[in-house]
Amino acid sequence: MVKFFGRFAALRGVSASFAPGKLYVIVGDNGAGKSTLLRVIAGLIELSQGSVTLLGAPTAREVAHRIGYMGHAPLLYDELDGMENLRYFAGLYGLHNDSVCREGMRRVGLDPDLERRVGQYSQGMRQRLSLARAVLHDPELILLDEPFSNVDVHSARDMAAILGGVRDQGKTIFVVTHQTALMEQVADEFIHMSAGKIESRRPVKPLRVAANTAGVDR
Amino acid sequence: MSTATVTRSTLLKDLRMEWRSKDAINSMLFFSLLVVVIFSFAFNPTAEESRLIAGGLIWVAFLFAAVVALNQTWARELRNQVLDAYRISPAPANALFLAKVLGNFLFVVVLEVLMAPLFIVFYQLRSVGPVWQLIVIALLGTWALVVNGTFFAALSIRTRSREIMLPLILFPISIPALLAMVDATTSILTGDSSPGFWMKMLLVYDVVFTAVCLLLFESVLNAE
Chain A
12 MVKFFGRFAA
22 LRGVSASFAP
32 GKLYVIVGDN
42 GAGKSTLLRV
52 IAGLIELSQG
62 SVTLLGAPTA
72 REVAHRIGYM
82 GHAPLLYDEL
92 DGMENLRYFA
102 GLYGLHNDSV
112 CREGMRRVGL
122 DPDLERRVGQ
132 YSQGMRQRLS
142 LARAVLHDPE
152 LILLDEPFSN
162 VDVHSARDMA
172 AILGGVRDQG
182 KTIFVVTHQT
192 ALMEQVADEF
202 IHMSAGKIES
212 RRPVKPLRVA
222 ANTAGVDR
Chain B
103 MSTATVTRST
113 LLKDLRMEWR
123 SKDAINSMLF
133 FSLLVVVIFS
143 FAFNPTAEES
153 RLIAGGLIWV
163 AFLFAAVVAL
173 NQTWARELRN
183 QVLDAYRISP
193 APANALFLAK
203 VLGNFLFVVV
213 LEVLMAPLFI
223 VFYQLRSVGP
233 VWQLIVIALL
243 GTWALVVNGT
253 FFAALSIRTR
263 SREIMLPLIL
273 FPISIPALLA
283 MVDATTSILT
293 GDSSPGFWMK
303 MLLVYDVVFT
313 AVCLLLFESV
323 LNAE
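Same order as they appear, the protein sequences are chains A and B.
If you're matching positions, the first sequence starts at 12 in the numbering used here and goes up one per residue.
If you're matching positions, the second sequence starts at 103 in the numbering used here and goes up one per residue.
Treat the hints with care, as some may be off.
Computed Cβ-Cβ distance ranges for the label pairs, DEER-style [unchecked claim]:
id : chain 1 : residue 1 : chain 2 : residue 2 : range
1  : A       : Phe19     : B       : Gly298    : 50 to 60 Å
2  : A       : Glu210    : B       : Pro274    : 50 to 60 Å
3  : A       : Phe19     : B       : Thr261    : 15 to 25 Å
4  : B       : Val309    : A       : Gly176    : 50 to 60 Å
5  : A       : Ser62     : B       : Pro274    : 49 to 59 Å
It is worth saying that the hints were derived from the structure and are not from the lab.
Computed from a predicted model, the values in this text were never measured in an experiment.
The C-beta atom is built at its ideal place from N, Cα and C for all residues, glycine as well.
Make a model of the complete structure from these sequences and hints.
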């Protein structure tokens with residue numbers, strides 16, 4: 012995958028395949044191409060060269076209902092409350108059952124009966140709601156760009172645990188983050204990007220399984 | 103999910119947001135009010151002069167006021183990058199476009215209903231021709247303004263000076279519609295000629311531009 016923005020190469024020949032049902036954490040310096048990679052996978056930007064095969068389809072559009080994306084911005088309407096936001100976005104996926112939205116709110120620790128507009132939410136609440144929006148339609152592939160930015164440590168830990176739970180349900184998750192410590196316990200693989208390329212891939216699942224097993228033994 | 107369902111839910115969402123913020127309707131009302139009052143005091147026209155210039159004045163006021171609403175339409179989708187959430191969803195692109203056009207159409211119609219009595223009072227207007235024709239022209243003309251305006255506003259959302267870009271693109275392309283609206287309105291107000299030709303021209307303009315905008319909107323939505 013190669014992506015140019017004008018003369019700037021954001022992706023300089025990324026070539027990789029990813030197994031389903033795992034939680035991948037993409038790390039790297041600012042400008043390394045992490046967000047661009049996620050946006051390419053989501054189908055939000057087109058590649059200058061190369062192609063992506065996603066869930067067996069040549070374009071993200073064909074499998075849009077199987078993909079969930081949480082951007083760096085919250086992708087929510089400030090003028091609506093949490094449930095109104097979720098109801099609208101659920102409708103875009105053909106979901107018109109209110110209980111799906113209520114469950115989505117509860118799942119991320121938000122009160123579905125809270126009649127406060129999103130513009131008045133704290134940053135942590137926004138991020139939680141944004142996560143709820145991204146996974147509302149039960150996607151198989153979840154793409155999360157900086158989900159913990161501006162979130163307090165407690166909320167971030169909760170969100171990381173939620174992601175681990177979602178992965179355990181068989182979903183494939185990509186998380187772009189600078190807060191790697193939060194993901195150590197739940198990640199399956201760390202992908203390090205630098206200057207538009209994947210520099211290294213570090214599987215961590217064996218360590219996590221070992222740690223969990225040690226915990227059980229004790 | 104069908105285009106009609108998504109159009110309906112997007113339209114209702116936009117109406118709810120406008121009801122809460124009143125950004126677009128307040129700006130349009132204030133702008134139109136200024137035009138009516140300032141022109142009335144500046145020219146102080148007689149009833150006869152008013153009938154000749156009112157057609158142009160009314161539509162120019164609504165055209166400029168509509169631009170205010172049209173810029174707001176997409177600004178809401180850009181805040182928090184909400185448009186990305188729509189783009190990655192399987193919802194049809196045209197449903198978003200239709201909802202925005204219908205929303206803007208309603209806003210401008212509400213503006214016209216509120217401003218009509220003021221125009222009548224300030225310019226001492228009375229219709230010589232049938233009033234129903236005036237209503238048909240208002241609906242066709244408003245659709246012509248908002249369908250192009252919504253499309254070109256979407257086209258200019260990623261440009262740096264989109265507030266300037268929109269009128270620069272919209273006004274030249276609206277000239278045939280504006281000409282038809284002004285001449286048809288003046289025909290009815292003065293009773294000099296039949297507005298039939300101009301009404302047919304407006305109808306054709308509406309059909310052609312609605313079809314073209316619907317065909318091209320998906321490309322505009324997904325452009326980088």
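Hint-by-hint comparison with the structure:
{"no.": "1", "hint": "A:Phe19 to B:Gly298: 50 to 60 Å", "result": "holds, 57 Å"}
{"no.": "2", "hint": "A:Glu210 to B:Pro274: 50 to 60 Å", "result": "holds, 51 Å"}
{"no.": "3", "hint": "A:Phe19 to B:Thr261: 15 to 25 Å", "result": "holds, 19 Å"}
{"no.": "4", "hint": "B:Val309 to A:Gly176: 50 to 60 Å", "result": "holds, 53 Å"}
{"no.": "5", "hint": "A:Ser62 to B:Pro274: 49 to 59 Å", "result": "violated, 40 Å"}
Checked against the numbered hints given earlier, this structure breaks only hint 5.
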